[in-house]
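Engineer: Sequence order for the protein chains is C and L.
To convert, note that position 64 of the first sequence is 64 in my numbering; the numbers rise steadily by one, no gaps.
To convert, note that position 46 of the second sequence is 46 in my numbering; the numbers rise steadily by one, no gaps.
Misleading hints may appear alongside valid ones.
[As the list claims (entries may be wrong)] Taking lysine to any residue and the SDA-like style, the derived pairs with C-alpha atoms no more than 20 angstroms apart in a straight line are: (1) C/Lys108 <-> L/Pro39; (2) C/Lys67 <-> L/Pro103; (3) C/Lys42 <-> L/Asn7; (4) C/Lys42 <-> L/Arg44.
Hint data in this document are derived by calculation from the structure and do not stem from the laboratory.
Quick caveat, the model's predicted, so the values are computed rather than measured.
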Amino acid sequence: QKEVEQNSGPLSVPEGAIASLNCTYSDRGSQSFFWYRQYSGKSPELIMSIYSNGDKEDGRFTAQLNKASQYVSLLIRDSQPSDSATYLCAVNMNSGGYQKVTFGTGTKLQVIP
Amino acid sequence: EAQVTQNPRYLITVTGKKLTVTCSQNMNHEYMSWYRQDPGLGLRQIYYSMNVEVTDKGDVPEGYKVSRKEKRNFPLILESPSPNQTSLYFCASSLWSGLGNQPQHFGDGTRLSIL
Numbered sequence: 001q002k003e004v005e006q007n008s009g010p011l012s013v014p015e016g017a018i019a020s021l022n023c024t025y026s027d028r029g030s031q032s033f034f035w036y037r038q039y040s041g042k043s044p045e046l047i048m049s050i051y052s053n054g055d056k057e058d059g060r061f062t063a064q065l066n067k068a069s070q071y072v073s074l075l076i077r078d079s080q081p082s083d084s085a086t087y088l089c090a091v092n093m094n095s096g097g098y099q100k101v102t103f104g105t106g107t108k109l110q111v112i113p
Numbered sequence: 001e002a003q004v005t006q007n008p009r010y011l012i013t014v015t016g017k018k019l020t021v022t023c024s025q026n027m028n029h030e031y032m033s034w035y036r037q038d039p040g041l042g043l044r045q046i047y048y049s050m051n052v053e054v055t056d057k058g059d060v061p062e063g064y065k066v067s068r069k070e071k072r073n074f075p076l077i078l079e080s081p082s083p084n085q086t087s088l089y090f091c092a093s094s095l096w097s098g099l100g101n102q103p104q105h106f107g108d109g110t111r112l113s114i115l
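Chain C with its partners taken away, still in its complex shape (with noise of 0.2 angstroms):
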């Protein structure tokens, strides 16, 4: 089992529409949850960080954590063509006192016009 899971797409959606992206992982211990976004040959940038579970919101963009289950989605409200990306899932997991962050493969999104 993958510590970091998403699905690798990609999504196409509508322009306008809500785009939703998940992440499972498997580390009960972890404490910190963030999405990236990766534009092609760029380096990735931070959309959202969320460490306690519920709902997030930062402009059209809403983190959802959910601890019990073990997954933490990102839903992008008004799609935009410049919304078009590669979203990263990253969880900051617990190893023996030290902690390390794991990367899913990234889902990429193609938010048609």
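Given chain C, put chain L in place with the hints provided.
Structural biologist: Relative to the frame of chain C, chain L by itself:
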């Protein structure tokens, strides 16, 4: 300007020739990390460091070395590079708090080709 600086951005070299990719951050971050990114495999952590002189292996450490002698610098060393280390490499840094890692700031990446 807060940033993570990697050098070089591009490098083509040959098998067995030692190389170092430098990484420097100006944000006084405790946590620094190296990743490689390969098609279909995503970002995989090579090594990370929680502070000066504190480093640990990530998921794919074989063939790499790191050091953290100063807080701002975290070089990645390939003692004897091989073609399977051809990849896109990212350095990242973040604050460390009681919640664990804060969001990471990434460098622009180093595209490394080993012939």
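Engineer: Starting from the hint list further up, note which numbers the structure goes against and sort them upward.
Structural biologist: Failing hints: none at all.
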